[in-house]
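Asker: Given next are the chains, with one letter for each unit.
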Amino acid sequence: GQQVMQIPQYQHVQEGEDFTTYCNSSTTLSNIQWYKQRPGGHPVFLIQLVKSGEVKKQKRLTFQFGEAKKNSSLHITATQTTDVGTYFCAGVGFQKLVFGTGTRLLVSP
Amino acid sequence: NAGVTQTPKFRVLKTGQSMTLLCAQDMNHEYMYWYRQDPGMGLRLIHYSVGEGTTAKGEVPDGYNVSRLKKQNFLLGLESAAPSQTSVYFCASSYGLSSYEQYFGPGTRLTVT
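Just so you know, the protein sequences line up as chains A and B, in that order. Sequential numbering from 1 applies to the first sequence in our numbering. Sequential numbering from 1 applies to the second sequence in our numbering.
Honestly, the hints are just simulated from the structure, not real lab data. None of these values were measured; they are calculated from a predicted model. Fair warning: there could be bad hints in the mix.
[Stated by the list, open to error] In silico negatives: residues of chain B with every beta carbon more than 12 Å from chain A:
1. Lys14
2. Thr20
3. Leu22
4. Gln37
5. Arg44
6. Asp62
7. Glu101
8. Val112
9. Thr113
[Unchecked claim] Covered stretches of chain A, going by a simulated chain B footprint (3 or more residues, C-beta under 8 Å):
10. 11 to 19
11. 24 to 33
12. 39 to 49
Ideal Cβ placement from N, Cα and C applies to all residues, glycine included.
All chains, full assembly: derive it from the sequences and hints.
Answerer: Pasting the structure below:
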């Protein structure tokens, strides 16, 4: 079945450093979504990417969808303590949304 | 506009007991989902529904049953709880099945002893 893996599982950065999480699918995706879950909270939708090679930005966050539509990345520039949480990608293939394993980000002031 | 709500927030069960988790949404969404979240395993789909009166199995359906008698409600049942069902359960809803964002409830933390 479809599998979506994320790396790294965990990253601890100092405030102001950059952060990147990578998402890889075993199958070609029709689109990919990204969610953020704050500690003790629930996942909240961030963005959806649909086109091959698509790049979208939200302030300090940059999202990219691979040319082959099998991978994606989320890059945060100059992290802040408010960026703390777990970031999930969710890939859509065969009419199903499959969540990745998540990357937990810890930011120290 | 409450979005997606879940009851209860916390529950402790003994092995073999049964319980029902209730999810309600006020966004008139057709699609609703139940996930479980375990450390290091992300969110895994248990069951989902594409409309009132319909349900379908997800990735990890064993040991759970669901019902969608009303469009706004989606119930998750555990007939005979097992320690392996200790988890955080999230309900979500969306306009469409896969190309629309999902709105999540606050979660239910279930412990089975």
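Asker: So, for every hint listed, does it hold in this structure?
Answerer: Now the hints, each set against the structure:
| no. | hint | result |
| --- | --- | --- |
| 1 | Lys14 | holds, 26 Å |
| 2 | Thr20 | holds, 20 Å |
| 3 | Leu22 | holds, 16 Å |
| 4 | Gln37 | violated, 9 Å |
| 5 | Arg44 | violated, 8 Å |
| 6 | Asp62 | holds, 15 Å |
| 7 | Glu101 | violated, 4 Å |
| 8 | Val112 | holds, 21 Å |
| 9 | Thr113 | holds, 22 Å |
| 10 | 11 to 19 | violated (count 0) |
| 11 | 24 to 33 | holds (count 3) |
| 12 | 39 to 49 | holds (count 6) |
The structure fails hints 4, 5, 7 and 10 (numbered hints given earlier, in ascending order).
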